[in-house]
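J.: These protein sequences, in sequence, are chains A and B. Per the numbering used here, the very first residue in the first sequence carries number 1; after that it's consecutive. Per the numbering used here, the very first residue in the second sequence carries number 1001; after that it's consecutive.
No lab work stands behind these hints, which were simulated from the structure alone. Note that beta-carbon positions come from the ideal geometry of N, C-alpha and C, so glycine has one too. Any given hint could be a false lead.
As the list claims (entries may be wrong) - If the Cβ cut is set under 8 Å, some of the chain B residues that face chain A in the computed set are: (1) ALA1055; (2) VAL1107; (3) ALA1127; (4) VAL1130; (5) TYR1136; (6) GLY1154; (7) ARG1155; (8) GLU1242; (9) GLN1282; (10) GLN1290; (11) HIS1310; (12) ALA1345; (13) LEU1397.
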Amino acid sequence: MSVRTQTIPDVGAKTPVPALEPLLFELARPGRSGRHVVSHDAADIPAAFQRKAPLRLPELTEPQVVRHYTHLAQLNYSVDTGMYPLGSCTMKYNPKVNDRVASLFADLHPRQSYRTTQGVLALAYEIEQMLAKITGMDFVSLQPQAGAQSEFTALLVFKAYHAKRGEAATRRRIIVPDSAHGTNPASAAMCGYQVTTVKSDARGNVDLDALRSALGPDVAGFMLTNPNTLGLFEERVRDVCDAVHAAGALVYGDGANMNALLGVARPGDLGFDCVHINVHKTFSTPHGAGGPGAGPLCVKAHLRPFLPKPWIVREADGSYHYDTAREDREPAGLGDSIGTIKQRLGNFGVLVRAYTYMKTLGEEGMVETGRDAILAANYLLALLRPAYDLAYDRPPMHEFVISAAKQKKQGASALDVSKALLDEGFHSPTVYFPLIVPEAMMIEPTETEPRETLDAFAAAMLRIAERVKTDPAAVRDAPRFTPLRRLDEVTAARKPVLRYAVPGVAGAE
Amino acid sequence: MGNNPYSPHTEADRAAMLERVGVRDIDELLGAIPNDARHPKLGIGPGLSELEVQAHLERIAKLNTTAGSGPFFIGGSIQRRYIPAAVPVLALRGEFLTAYTPYQPEVSQGTLQATFEYQSLMAELLAMEVVNSSMYDGSSATAEAAFMAVRVTGRHKVIVATEVDFTYRRTLRTYGRGPELEIIEVPTAKLASSAEGAACLIVQHPDAFGSLVDVRQIADAAHAAGALCVQVTEPHANALLEPPGALGVDIAVGEGQPLGITMSYGGPHLGIFACRESLVRQMPGRIAGQTLDANGTRGFVNTLQTREQHIRREKATSNICTNEALAAITAAVYLSLLGPEGLRAAARAGVARAHKLANRLAALPGCAIANDGPFFDRFTLRTEMGGWDLRNALIALGIQVEATASHYYAGAKQTGKEPAQANAKPYVGGRREGRDDVIVQCTELTTEADADALVDAVAQLTRSGETVAAR
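The following block holds chain B by itself, in its conformation from the complex (with noise of 0.2 Å):
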């Protein structure tokens, strides 16, 4: 007792319990461990209390900069969005947070309807028949579409857009190198005419420079090759572009953190994971579906179990065991908060934001958009200055944007013989055709005071932009 606040174990307790099992110390029990291994010193400190402990953290967060705590305008993948104070409220209660995976149907109901309901809601927002109950996030979602097309085709090559998230590009192409598959990247506009030989051409839309694409003709082009294809996604973008499954798209997968995730550095995120019925028992993950108790009461459990690692084992369609349940239950709630219309307005509100932002920073000197058609809600800013730079000196007057420098890179061509040659290239060289631009996304949380901040800002930094490109 003492040591470790949650242990409620006195020492009477200690003792009761060591006279049952039959031994006089703990040490009888670790018999089996080497002697020179047990309780070695770990050197982290002492413990803490909770008001320590509390207060320690305090002292670190403060050395970070919120993105609420000025005009923030970094997205793609995942984004600052408007979270209801229900969201939280409702995701986090205990008997949610603190449950397992629903192995015990009959006392896990919560989860398994919620879970269902999650596939129902995400199922009708992507026009796609079968959704999955997560995946760990949108770039291992991407990766495990490709793998699932090379089970589903017998083929060996994935064809991916440049204009695709580079995170999930990035992983896609680590995730590649264990069944060494042959992944090459190329520009959206080439992806049709690739399609020969491959197992799937994977297509974003709207892409990570926040431009609209014709995926229904990728989608024709992939099926005359015998090719799939994946579509990475955007929820909100679904509330009015066409979705994926009214577009020809076989499997569909995208990030799911902007339905009410907070946006935590990263994760934990959502992974999501749909695709046509046909190919439901190549999917990789858990699925909830409903069924009947034994009094013919309607129910849910966990199906087409045969799928996965804990019974097939190596012959499974993933390893994935851990999923991002919470998520999914959260992005339910968001979604029955809002509702369509709800959606709908989360979604122009960007849409409308991010064009009226465009038009005032294009009509500044030396400023263009650099998408090459229709965007959605993000479009790409080029100035005189370059990108990197132009982030850089934004973030010194508190203001967040993102650079493409890093989205770009050369040696798209990874063949599965030789990961580590071909791993090298993508690193090399930053910029690709003098795209060093910056990326700006607005959502609804965008205010008019976050817009006249970064269209000053931006014509202050390019009217001297010119010394610095000349130095």
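Looking at chain A on its own, in the form it has when it is part of the complex (with noise of 0.2 Å):
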């Protein structure tokens, strides 16, 4: 691998940049194989049903494949890595022994019996009651396999609900706030609903009065973000909780940024009916590229029956099984439940890494989690306020939101900036988002980052702001020292180009 190297600016230090990789198929040559499954059977199979398009995967060796995947690891920033203040985020430390735990039960089969899969209906039935008491609510559906997908269900408990009291059809609206995920307007239109937005007011709460006269006989629901995508907790969460219940609609709590209530508020001691966990947040599983992660909902009493099914029975022997029927035989009725999301327990192996996170902190360890994940974001806003502007001036929960607008005028986006900074070493925050702040900059620190690594942070960020200062062509030019430089977004969408092309087959590019 021949090896470029690259100078840090203001450090001088030279280290080396890693060189890209050819892809898999251009590695590939005829013949090649890694002998892991060898097989003379012979398949008895119609011939009219044979397989008769080519198929062209690549033919390689497995030293081949190792280097191939370390070169790829290598052109990627991680937590591994280093700090990654991804807004809303959450990429805190993920412990190794989360993951060593988990491979306890890889070898299990969803649809094995529950005679013989005890352990994890045990563990399963202990993580509901560990959720249930973290978010103060009353019961807890494993099933959703991340955020989204919470969200969509919780919709259907919501439109399920409204069912039972004969006002399905009547309540077709959702609200959510202009400052929410865009998975909540999402979720909710993909659950048929009508999507109304209110705005947030100058503090950064949600309006109250907007969300008064939004409210009405035709909303179901009612979405909020708490600590909101603004890091700032809702000044007056209860107030808007009762303005959706006198409305007769249900609020759904979106735990993405969960990770700041952890041991300090509970969303069921504050008016939610229901929130969800993403526990690749909060709970400290590795979040994978891109996934996966796992987001149980949790729910007040009144939204259980319409929880998926199954759900897990606890005996006074100790021994658990499935609601269907004892003997798994005849599935016991759906009864007021939306139906199934997943089969069984979800992204089990994910849920088993959170309970290990849990079971480590501990109570003590949650609080001081939330506690130090608040401060963290303090610290590093003060570090910050000198050179960039804040939105909304008040203290922030475990993440806070700041303007690169100033550095706009002066010549460089807060695109260019967070570009700016993967040369100075670190990923960027969240950029863009939420959209009510111009040039917005989210940054979530965790309480895993040592203030040295803060401090260095900061550091960086204040002289990407002297640079914009002094040659904003240098800053909108940035990054210069990653494997890449910008990457031309715009030609990737107008002329697609989703494959490699195999040569000679139809259909490829």
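Using the hints, build the complex out of the two chains.
T.: This is the structure in structure tokens:
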């Protein structure tokens, strides 16, 4: 592998930039193979069904494959590499014991009998109990596989709840704040709801008057992230929930920012009817370059009848089974349940990791986590204030949103600043979200970054702000020391190349 | 310091940080939280050391009977297959495992190229034009395929075969309650004649019971009626069977778990989602695409993002954000290690062992193979004992199979307008047309000894089965 070197500005050290890697297909040669599975069996398949299309998968040896993916891995930034301050993503450290423990539950099929999976059921039952306690809710469904699927699940629950009260036909609207994650309105639309957006007030809260005038007998629910995507705790959260309930609607808690509340406050004590948990954020499970996650849905008792089935039942003798009949024979009636989102227990392998984390922290560790996350955000904000604008000036929770509007006027946008950060050796914060802050940079340091790292990150941000003043063109030109320079996303979308062109295969580019 | 072992802050750190913030205590930063709601008692117990937590989880894990601890024939969409040693070593590298969604492509080329390669490998395997970067699992991919067909055709009726994996049909019905779709289940044999007015026909091949299905004829019928054809597929089957892209299928979906991903009691797995290029702008989920950087060097980005929720909000093609990117990378590692011949070998082994085992079982008195026609790497065994009783008796002997009863239920019609009523029906009644059987799945991990054990056990049980039936 050829190695280029980069010079880190203001440090002067030279570090190698990993070279790019050819595609698997370009490394392959016909006739190479790894002998991982050999079979001399003949398959009895009628000719009409046999594959006639060519199967031009790359042919490689194992050493080639190992180097290929090792080189690709070296092109990635990760939490194991360094600070990853993506706002609302909670990129905290992912403990390694969690991964090892998960492997204890790897060789189990979800269609095994409850009789051969008592450990799974015991663990899942305890996870449900712990999540209920942590969120202040009464019951939990482990089925949703990510936050967005949990939102959709919850809205189906809302729909079933209103249907039960004879109001399904009239309650056709979901309200979301203008600071909401895009998944909220998208989930509502998928669930057949119309979406109404309400604005935020001058302190970054939901505008209560706007909410009250949007509420009515046609509203099914309100989706609220708290702390919201500005990193701010809703100052009148109970009034908000009361207003929604007074209109006969339900309050959905988007738990994306639950890390701030860990051991600090519980959605169930604040008026929410339900909340989802992104365990790949709050409970430290690795996000795997975009997934997997898991999105347990925690609800108050009045929503329990509508939760997905099956449910786990614990017998007096300490044994477990599903509420399908005891012998797995005749599934019990669905009752008011919305049905099934994912068979059995969702992304169980992820949930085992979350459980391990919860057991490691315990009560005191959880409180410390929430408080340290809040402290880290406030500290980092204090360091950045001299150079960047703050959209809403009050103490944030676990994350905060600054604006690069000042820098934009000087010639470099939030995007440019984010790219310059890559040259400084840091991952960028979330940019251009929430939509209500111009040139937004949403920064979430998490509780696991030491003060030295927070200081180094702030120093990098301040250096960039200085450079914007003196040489904005240089910042617009960033990044220069990453494996690739800025990529042309416009052409990628206009002339999509979505797969390797296997020579001679119709349909390929 | 001390309570959270992953928190680096010493008391001195905290004091210095508080001073910089300008407060004396963290509590001063919590002013927006109602007083009575602050710091509730959780009641979750004290934290454990790593050693303690490992031992605790090992104790719980011992309560399970793992698939590998005895003859194991449960399969379907989730299969116990051989995972080469290099698969977890590579896919679980921290740079893949602990990265987020590749929002900054300049420092995420590993993820983006591996994803592009996954899309390319899967497109080749399925002979489909476009593959997305992943859905959650096979069941949600099937439901999203139905939603996509509804968007493409403007119709609201979905026809799904009863031989499609029952967990997929359950999820489809549950999803369908959102946009209030009409979802009608008919036997595969009646799919083609049910296409009128449908957004799509959903067929599984090989089906949940292992049978091979003439997909081309169903796709033709769908197209003649202006509907799309959705095929639920399994990755290994495509090494030997004509793939969806060669059968006229518009959207191919399925579970990618058999490609080197552990079963893990159901997840995290890999939702495969593929379609025609002409439909790509209606496709859900992230897609990696090739482009150039400012120096003209080839690179990869997430593309066609104007379909997605973070840009389009309520007008997005789906709400999906987090997906199963790591599973897609895992599948790509698996496919690149096995190559075409290794994949064919694994698939062939399953088929050959299933057929050999089926012949042996069918030779036993009172036993028959219940598949209507040719089958792939699993089959349905009918005995006088009944599926549930046989399955439970086999578990007692340390042999795990799946019974078919849960695959069937009456009242397969869901009208969007009355979801509660329609939804109650499918769970009523566990048997249909006397088909109370067991399903036997074979893979390259099925050994001769496993097969012997099953044959012996079935022979023994069905001999005494007459008494069971009489009682």
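J.: A separate judgement is required for each hint: does it hold in the structure or not?
T.: For each hint, the structure was consulted:
Hint status for ALA1055 of chain B relative to chain A: violated, with the closest Cβ pair at about 10 Å, above 8 Å. The interface hint given for VAL1107 of chain B is met, as the beta carbon of that residue sits about 4 Å from the closest beta carbon of chain A, less than 8 Å. At its closest, the beta carbon of ALA1127 of chain B sits 5 Å from a beta carbon of chain A; the interface hint therefore holds under the 8 Å criterion. Because the closest C-beta pair between VAL1130 of chain B and chain A is about 5 Å apart, less than 8 Å, the hint holds.
Below 8 Å, beta-carbon pairs count as interface contacts, and TYR1136 of chain B has one with chain A at about 4 Å; its hint therefore holds. A least Cβ separation of about 15 Å between GLY1154 of chain B and chain A goes past the 8 Å threshold, and the interface hint is therefore violated. The interface hint given for ARG1155 of chain B is violated, since its Cβ lies 15 Å from the closest Cβ of chain A, which is over the 8 Å cut-off. With a cut of 8 Å, the hint placing GLU1242 of chain B at the interface with chain A holds, because the nearest CB-to-CB distance is about 5 Å.
With its C-beta approaching chain A no nearer than about 14 Å, GLN1282 of chain B sits outside the 8 Å limit, and its interface hint is violated. For GLN1290 of chain B, the interface hint holds, the least distance from its beta-carbon to any beta-carbon of chain A being 4 Å, beneath 8 Å. Interface hint status for HIS1310 of chain B: upheld, as the beta-carbon distance to the closest one in chain A is roughly 4 Å, under 8 Å. Taking 8 Å as the C-beta cut-off, the interface hint given for ALA1345 of chain B holds, the closest approach to chain A being about 4 Å.
Hint status for LEU1397 of chain B: violated, given a least beta-carbon distance of 12 Å to chain A, over 8 Å.
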